[in-house]
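If you read the sequences in order, they're chains E and L. Reading the first sequence from the start, the letters are residues 1 to 262 in our numbering. Reading the second sequence from the start, the letters are residues 263 to 517 in our numbering.
Just so you know, these hints were derived from the structure itself, not from any lab. Possibly wrong hints are sitting among the right ones.
Claimed, not checked - Some chain E residues flagged as far from chain L (calculated, every beta-carbon gap over 12 Å):
1) 59
2) 131
3) 201
Stated by the list, open to error - Footprint (simulated), chain L over chain E, 3 or more residues, beta carbon under 8 Å:
4) 75-82
5) 110-119
6) 204-217
Think of the CB as a built atom: it goes at the ideal place given N, C-alpha and C, for glycine as much as any other residue.
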Amino acid sequence: MADLVSLKDVSKSYTAITGEVVEAIRGVSFDMHEREVLTLVGPSGCGKSTILRLIAGVEKPSSGSIERRAAEGKFVVGYIFQDSSLMRWRTVYGNIKLPMEILGKKGAEAKIPELVKLINLEGFEKAYPIELSGGMQRRVAVARALVHDPSVLLMDEPFTGVDEITKEILQTELNFVIRSLKMTGVLVTHDIEEAVYLGDRVLVLSAHPGRIVEEITVDLPEIREPVIKTEGRFTRYTKEIREKLNLLHPLRLSRRPTDAPA
Amino acid sequence: MQNKVVRNLRDQASVLGSLVVGVVVWQVIVDYGIIPSFLLPAPTEIVAAIFSSRVNWWANIFATLREAIAGFVLGTALGLLLAVAVTASGIVRKIVMPYIVAIQVLPMVAIAPIIYILVGFNDLSRIILTSLLSFFPVVVGTATGLADVDVNLVYLLKSLGASESLIFYKVRLPNSLPHLFVSLRIAITGATVGAIVAEFVSSNIGLGFLMTTALTSFNIDLTYAAGFILTVIGLLLYGLVEGVGRASMPWFRRR
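So that you can see chain L by itself, here it is in the shape it has in the complex (with noise of 0.2 Å):
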């Protein structure tokens, strides 16, 4: 217990280290010239930025969180129905898939423009576009995770006149759950860029809405303030969603 603790805190400690290391090198690099800062401004301009300039970062925040929350949700919901679908059905999987995979190889600004004709210029043309992004890792994760079972625990369960509603329930479901997880991972990250690419495209706030009037009026350290303050919630959610992980897979933690 004693190891395991020091083993987390030097865990902890070199991973503080290494960023720490990381931004004395970049402030470095700027304060000497080597980089002009501005193309690259010192994180004591980022952090001054952040607290000197007259922008409502919570608003901003906020309205962000939302739209990548919310399509993150209705992502993973969409997403996990069609992987219960693609997975009972050989047929279901064939009619699918492709519309899935088409869906997320065409490039996010360009299928935004038809969204946004189609639903018009609001949050809900952001929350969908967010959620295009979050949908297709929970679709593959989680139908490979219910399909990818010990089928020795399949014939055990029939062979005691087990249905297959009950075989999905106790086994494929609960096997499926690190797989849904590593999707969440890559889901929640989908989603905040889902949420940034959505408000480059049309909003009147927001980060990317930020980041955007910040960058044409070249503002390049309100542009990195904005582009810093998204980095950190991008690690918080995906941060949350590895803790929740965690919390729902104790069998799988102790590997």
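Extracted from the complex, chain E is given alone in its bound form (with noise of 0.2 Å):
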């Protein structure tokens, strides 16, 4: 499988508004295989979401390269966010369109039902995102993301905020629907079974400047069912993960509540 993304020693610094310099990742390098999810996971801050913008080509990086190639044609992504960050103005309809009205691809309409079919919204076409219960409205934000065919589909943190049963079924159709369609996609999550369930790939950051301290590669089969995450191999990853964040050590709390066991 060909790499469609290949960032090599990528750094990215903010100016804060203090003025001061912040350093969100360091070094950064790693290359996205073809028909494949990576999943980027590490503690809030590390710069996760910064390395997907990179990818965006929203953001140059300060430092190290970044280079895109697409399957076919020109590359393109597709973004799904934390919030849905649908046009509350347009129907999901219109939302769904939207990268199409961008690229100019005219006719390409006909996709929409069938996308609308996929992600179980059938009859909410004309409903406005108001309208919407959240796990719905990431239904729209997934369906706007895979409309125009993207190269690789850039996720950040897609179900924060959705309570745990919504979320579950969420990540199953998210994992059905990449798999169905031969998607490439990077993940970002916090979410460590998440990132498991979802990716075929985990690169796990250090708290920030984020840098890559793991690579651990998921032997599962690419259409998971929630059961998988009662099964030995997939606590084994989940596993391996808290020990690289340091999670399964006693945590050094600065202050410890009073009534804490010694």
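Put the two chains together into one complex; each comes in its own frame, and the hints tell you how they fit.
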């Protein structure tokens, strides 16, 4: 499989409001293979979302290089955000259609009904985002990200803030959609189970500035059902990630609660 | 659907009911001499003044409406242009905003003589004065709506190669609509007040002119009658702007 995106020794710094220079990521290198789902997992503020913005081309790296290649035609991304980020003034149909308007793909609307069916939103095409549940809004965001056949699907903590039951349903649906459409994707998450459940390869990042501290290949079937989360091979992966994130050791609290056991 | 209709009717009935109660209380207060009618005429006296006076109401209403609407349109157009300019450029914002605020904080009665001297004692002066009360809320409200967008939507469009002008058209402009219509509701009431104040200072027609002349001749009933008609006009204009806002933003109404 060809590499669609290659990051070589990429660093990114920002100037904060105070004028202080903050380094978000440092020396990040990895390749994304065609038709694989890569997950980036790490603590809050480790620069996971920054990496997605760099891949999307909406920000430039401070140093290092990023190469993007498309399997067919022009390289273009599909983007899913934490809070859906739908246009509240557009219907479900209008939101899904947006990327095609921007890219000037005329006549491609024929694909929308098929996508609406795939994400189980038939009958809601004329509804506005305010009329949808949180889970339905996430589904619209997924359809919007897929409608223009992107080279790479970027998913920035797509199920943050969704209740556990809905989250599990959405994770399973997303995995099915990605695998059915043979998509390449990058998922950013701080949910270790989600990283393993959806990913073929997990990159573990350190606290900021984010650096890759481990790469774990997930050897699980492509189409996954929630029951897999209870299997030993799944929990071995999650344990390995927890170890790399130092979550299996006693936390060094600056101030222990008074009723905490000694 | 039926529940919605019932709820709507109940809302309308409660508004109408409170209005009727208010008018009845007012009438009773005056009829029983709690407040003398030369200070506060009863509602029946005001209605009688509207129909019995020899005033050409339509001519006066038309004059005030013309000034208010022309000032509102001018102020809104100016406000929209300035809102786009201050959102697009930080330098423009720094240069222009102090002037905008300065014009707003100056009392209109202080600005009016300057405008009359510069432009002359004519309709244009009154329209300019009226527009000064309209444009400020439009600038501030629209600029807020244009700037306060979901940054992820901007990232999404940029990742698809959209230009800044396309982002403006597809994201910033529709995002600013709720802010714009809130501003327009404030602006239309400002325009009505502006037209009246402009007529107070210099005019020979209009409801503001009518109120000042009636007051100077101690015709209190006529003063209140003109004020009552002005209130109705203000409410109708406000309702019209709100209606256009609702029709333009079905996605906002359903909240």
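The hints, checked one at a time:
no.: 1; hint: 59; in the structure: 9 Å, violated
no.: 2; hint: 131; in the structure: 6 Å, violated
no.: 3; hint: 201; in the structure: 23 Å, holds
no.: 4; hint: 75-82; in the structure: holds (count 5)
no.: 5; hint: 110-119; in the structure: violated (count 0)
no.: 6; hint: 204-217; in the structure: violated (count 0)
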